[in-house]
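*Asks:* Below are the chains, spelled out letter by letter.
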Amino acid sequence: MSTVNRKTGLPGRFQLADWITHHQNLAAFLALAAMLAILPLWVTNNYQRSILVFIGFNTMLTVGLSLLMGYTGQISLGHAVFFGCGAYITGLLTARYNWSPWPAIVAAAVLTGLLAYLVGVPIFKLRGHYLAMATLGLNIIFETVVVTETGWTGGSNGLLGIPRLSIGPWVLKSELSYYYVTWAMTLAILAVSLNIVNSRVGRALRAIHASELAAGTMGVEVDAFKLKVLTLSAVYASLAGSLFAFYLQIVTPSSFSFIFSIELVVMVAVGGLSSIWGAIFGAASVTLLGEALRNIMPRLVRGASAEAELLAFGLILVIIMIFMPDGLTAGVAKRLRARRQARREAPGRTEQSADAMP
Amino acid sequence: MSVQAAVAPRTAQKSAQVVLEARRIHKVFGGLVAVNNLSFTVYEGEILAIIGPNGAGKTTVFNLLTGVLPLDGGEIIFRGHRLNGLPPHAIARLGMARTFQNVHLFDNMTVLENVMVGRHPRSRYGFLEAALRVPWARREEQEIREHSTACLELVGMADLADELAGNLPFGQQRLVELARALATEPACLLLDEPASGLSHQEVAALDALIRRLRDEQGITILLIEHDMHLVMGIADRVVVINYGEKIAEGTPEEVQADERVIAAYLGEDL
Chain A
0 MSTVNRKTGL PGRFQLADWI THHQNLAAFL ALAAMLAILP LWVTNNYQRS
50 ILVFIGFNTM LTVGLSLLMG YTGQISLGHA VFFGCGAYIT GLLTARYNWS
100 PWPAIVAAAV LTGLLAYLVG VPIFKLRGHY LAMATLGLNI IFETVVVTET
150 GWTGGSNGLL GIPRLSIGPW VLKSELSYYY VTWAMTLAIL AVSLNIVNSR
200 VGRALRAIHA SELAAGTMGV EVDAFKLKVL TLSAVYASLA GSLFAFYLQI
250 VTPSSFSFIF SIELVVMVAV GGLSSIWGAI FGAASVTLLG EALRNIMPRL
300 VRGASAEAEL LAFGLILVII MIFMPDGLTA GVAKRLRARR QARREAPGRT
350 EQSADAMP
Chain B
0 MSVQAAVAPR TAQKSAQVVL EARRIHKVFG GLVAVNNLSF TVYEGEILAI
50 IGPNGAGKTT VFNLLTGVLP LDGGEIIFRG HRLNGLPPHA IARLGMARTF
100 QNVHLFDNMT VLENVMVGRH PRSRYGFLEA ALRVPWARRE EQEIREHSTA
150 CLELVGMADL ADELAGNLPF GQQRLVELAR ALATEPACLL LDEPASGLSH
200 QEVAALDALI RRLRDEQGIT ILLIEHDMHL VMGIADRVVV INYGEKIAEG
250 TPEEVQADER VIAAYLGEDL
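Chains as they are written, first to last, in numbering that gives the first Met the number 0: chain A, 0 to 357; chain B, 0 to 269.
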């Protein structure tokens with residue numbers, strides 16, 4: 000066994016299967032990283048690669064939202080706004096003020112985090128789902144500001160002239176380079192988030208979700224933790240937004256609409272509310288589904304557009320919340336477990352019923 | 000704890016140190032006075048029972064002591080600190096822990112994880128250290144795990160460490176909740192009807208466990224309980240409240256003989 004090996008220090012008798020069971024998260028993480036590294040060998044088409052880039056953006060957003068919603072139980076309906084702040088601040092600093100990309104990314108993350116913090120301070124003094132309300136309002140404020148402040152943001156035409164992302168002298172131009180940068184950032188966010196959920200902090204967040212009363216009396220600083228996790232998820236969203244801005248070189252208000260906020264909530268719900276891994280699954284499947292719907296719906300329904308897509312997402316969300324309130328992945332897993340258990344107990348059933356007979 | 004308090008708590012209590020003092024605490028819900036200028040003192044190493052008919056305001060007293068509800072009047076002094084206005088987590092850090100009448104476990108977590116949350120006020124690492132898995136955070140995590148396991152062993156629940164807390168029967172959930180409270184290393188432990196819903200054997204085990212906590216760990220215990228057999232056997236002193244007011248205080252024998260107490264409990268066997 001590897002425990003014995005570790006003591007004796009014999010690397011020759013290292014057993015892979017044993018190591019994997021002891022480091023499930025790390026093993027899964029390494030497997031994912033390896034798969035992502037070689038995926039472009041098969042996905043060679045630029046359109047498909049762009050979808051992978053978008054799945055990366057959505058994963059960053061969904062992982063943060065999963066920490067906030069799934070783990071801590073705080074609903075945000077405004078994550079598109081934090082995403083948008085990241086994109087617009089990065090775009091403004093680089094296109095208008097000629098900042099270089101990486102300081103702009105950091106500045107955007109700091110400012111977006113600050114915004115989330117300032118929203119959270121008064122909100123978390125209140126009990127109940129006020130965060131959902133406040134973030135709902137945030138969408139409206141953001142859209143209004145972006146559309147009317149045309150001098151800064153370019154209004155509904157969008158903010159143009161954002162330069163390419165560069166790393167040192169290397170300017171990123173190809174789909175492939177954005178694919179790697181986006182997923183490197185996504186994996187970093189993933190690693191950090193996995194570490195957080197499997198720690199004292201992760202337990203505190205789940206405790207808050209289950210019972211704020213008990214969490215508080217056990218010494219968990221409930222409001223401070225909510226505030227920190229909201230800020231962290233906003234920073235993730237901002238990082239995604241920054242990369243988004245460099246990738247498209249133009250940001251328009253429509254990318255950060257309320258509809259997108261809802262789409263993100265759907266991704267988290269599909270992925271399973273309290274699962275970092277589920278968040279990737281949710282981001283990938285909903286992004287792909289959205290792409291498919293965008294292609295299919297206009298053929299099915301004449302004149303159908305974004306509204307039809309939203310209709311489908313709304314329907315999915317309703318169905319999942321009714322039948323699998325823990326999310327799609329957790330719900331399916333639970334059902335499979337129940338079925339397996341039922342099968343395992345089936346042989347003993349006759350015996351039990353015989354005992355129960357008078 | 001002092002040996003003196005352990006050996007002769009009923010007679011030596013006055014010389015023992017004051018751990019907790021409620022001075023004319025007051026709480027009003029709408030027009031209803033739930034706790035009415037109530038004062039009592041808790042001495043180190045004693046088991047103080049708070050009894051009274053249903054709706055007398057006992058749980059409200061616990062909620063005031065732990066900062067779950069704000070005081071409308073009076074003050075609470077705990078180990079030299081004034082608790083007025085402090086949030087629950089700050090009070091927990093000062094060494095006050097509690098269980099709940101209707102058990103508030105974190106159902107979505109395992110038994111061990113529940114107890115590990117109890118280590119929160121005695122550990123420090125936060126988001127950044129967790130995110131980067133710095134060495135001292137990992138050491139602290141190890142300490143959290145070991146101490147929590149020890150707490151589970153103390154209540155006899157170590158075998159079920161990996162079960163989901165929500166799946167356990169009620170009696171075991173109570174024990175997990177107790178272990179979680181113990182993990183905070185409380186100086187003062189508030190137990191809200193710990194025997195309700197337990198079988199006779201479970202109550203007997205609980206009785207022994209509470210005594211052990213007091214005698215071996217030196218924990219001062221405040222107990223709300225309806226099981227009079229348990230209360231009269233285990234408590235050093237009893238405070239009786241009715242309609243939020245203290246109507247009697249003393250040893251179990253004194254309280255049982257008190258006419259106002261008998262009147263309040265008319266028809267019930269004390």
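Since the hints were derived computationally from the structure, they do not count as laboratory data.
Heads up, the beta-carbon is just placed ideally off N, CA and C, and yes, glycines get one too.
Keep in mind that the hints are not guaranteed to be accurate.
Stated by the list, open to error - Some, not all, of what chain A presents toward chain B, calculated at C-beta under 7 Å:
hint : residue
1    : VAL200
2    : GLU220
3    : ALA337
*Asks:* Which numbered hints turn out to be false for this structure?
*Replies:* Violated hint (a single one): 3; every other hint is consistent with the structure.
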